[in-house]
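Visitor: The primary structure of each chain is shown beneath.
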Amino acid sequence: MTITIEYYLVLSAFMFLVGVAGVLIRRNAIVVFMCIELMLNSANLTMIAFASFLGSSVGQLFVFFVMTVAAAEAAVGLAIIIAIFRNKLTVNIDEINILKW
Amino acid sequence: MTLEVILFFIFGFVAAIAAVMMITRTNPVIAALYLILNMASLAGLYLTLNAQFIAVAQVIVYAGAIMVLFLFVIMLLRPDNERKFMESNPKIKIFAFIVAGFVLLQLVYIIFFSAPSKILQKNLEASVQAGTIESIGNELFRNYVLPFEAAGFLLLAATIGAILLAKKKIE
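Taken in order, these protein sequences are the chains called F and V.
The opening position of the first sequence corresponds to residue 1 in our numbering, with each subsequent residue numbered one higher.
The opening position of the second sequence corresponds to residue 1001 in our numbering, with each subsequent residue numbered one higher.
Only chain F is shown next, with the shape it has when bound in the complex (with noise of 0.2 Å):
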C-alpha cells in the first residue's frame, strides 16, 4: 500500500468543508475566522501534495504566499472584530448588522 495524491486531497477536501459548515453554524464572529483559517490550510495542503509530488518548489512558494496574507488578514480582521466589539459590546455575528438594511 502506498499513499498516492488522492489521499492528501479528499483529507483536504475534508477539512475545507468542516471549514465551511464551521463558517455556517457558528455565530462567534472570531471562531467563523478561525474555520476560515481551516480552510486556507486545506488549500495549502492541497498545494503542498501537488508540489511534491510534481518534485517543484513553486507550489510550496505559493503556501509560503498564502501564510504571508493570512497573517496579514488575520490581523486587520481581528483589529476590526476589537473595533466593533468597542462599539456594540458583542461579537454574535447575528446582532452586528449596521450594514443591513
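Among the hints, a few may not be true.
What the hints assert, rightly or not - Here are the simulated DSBU-like cross-link-like pairs (lysine-lysine), alpha carbons at most 35 Å apart as the crow flies:
| hint | chain 1 | residue 1 | chain 2 | residue 2 |
| --- | --- | --- | --- | --- |
| 1 | F | K100 | V | K1091 |
| 2 | V | K1091 | F | K88 |
| 3 | V | K1167 | F | K100 |
| 4 | F | K100 | F | K88 |
Said to hold, decoys possible - Below, a sample of chain V positions facing chain F; criterion: calculated Cβ distance under 8 Å:
| hint | residue |
| --- | --- |
| 5 | K1093 |
| 6 | V1108 |
| 7 | I1111 |
| 8 | P1116 |
Since the hints were derived computationally from the structure, they do not count as laboratory data.
Cβ atoms here follow ideal geometry from the backbone N, Cα and C, with glycine treated the same way.
Following the hints, complete the assembly by docking chain V onto the known chain F.
Guide: This is chain V only, laid out in the frame that chain F set:
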C-alpha cells in the same frame, strides 16, 4: 505498512478529528486549541510530503504567531459560552450539514474520477530536492522577487491598518 503510510494515517486522523472538534466546541478557547492541534498535525503531513521549510514555517507562523493572536483576542473579549448563539437557529445546522456533505461528495467524486495518481507518481529524489530551503530560496529570489516585495508591502500595510483600527479614538 511502511512508515509513510502509518505517519499519514496518524497525522491525517488527528487533523480531521481536530477540525471537527473545533467547529463543535462551544467554548472559543477550546476551539482555538483544537485549531492549533490541527495545524501542528498539518505540519507533520507537510513533513511526510518532504516540505521541510513549509512545515517549520507552519509551526512558527500559524500554530505560533497567528493562533497566539487569536487566543489573545478571545481572552480580551470575554470568552463567553456560545451555547445560546448556536441554539438560536437549528435549521442553519441542518442546512450547513447538507451543503457541506453534498459538496464533499462532489469533490471526492471529482478527485477519484480524474484520478491524478495515474500521471503523478512520487519521484522521491525530485520531491526531497524541491522542499529544501535552497531550492525554495533560489525560486523566491530569482523568479518571484516582485511578489516577495509585494508581500512585504502587504504586511506593512496590514500592520498600520491593524494599529489604526484597534487604537483608542482620541476625541
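Visitor: Evaluate each hint against the coordinates.
Guide: Each hint, compared with the structure:
Between F:K100 and V:K1091, the direct Cα distance comes to roughly 22 Å. Compliance with the 35 Å bound is thereby established for this hinted pair. Our distance criterion of 35 Å between C-alpha atoms is met by V:K1091 and F:K88, whose separation comes to about 26 Å. At roughly 26 Å between alpha-carbon atoms, V:K1167 and F:K100 fall within 35 Å of each other, so this suggested pair holds. At roughly 15 Å between alpha-carbon atoms, F:K100 and F:K88 fall within 35 Å of each other, so this suggested pair holds.
Interface hint status for V:K1093: upheld, as the beta-carbon distance to the closest one in chain F is roughly 5 Å, under 8 Å. Interface restraint check: V:V1108 against chain F, minimum CB-CB distance 6 Å, threshold 8 Å, status holds. Given the 8 Å rule on beta carbons, the hint for V:I1111 holds: about 5 Å separates it from the nearest Cβ of chain F. For V:P1116, the interface hint holds, the least distance from its beta-carbon to any beta-carbon of chain F being 5 Å, beneath 8 Å.
Of the hints listed earlier, there is not a single one the structure fails to meet.
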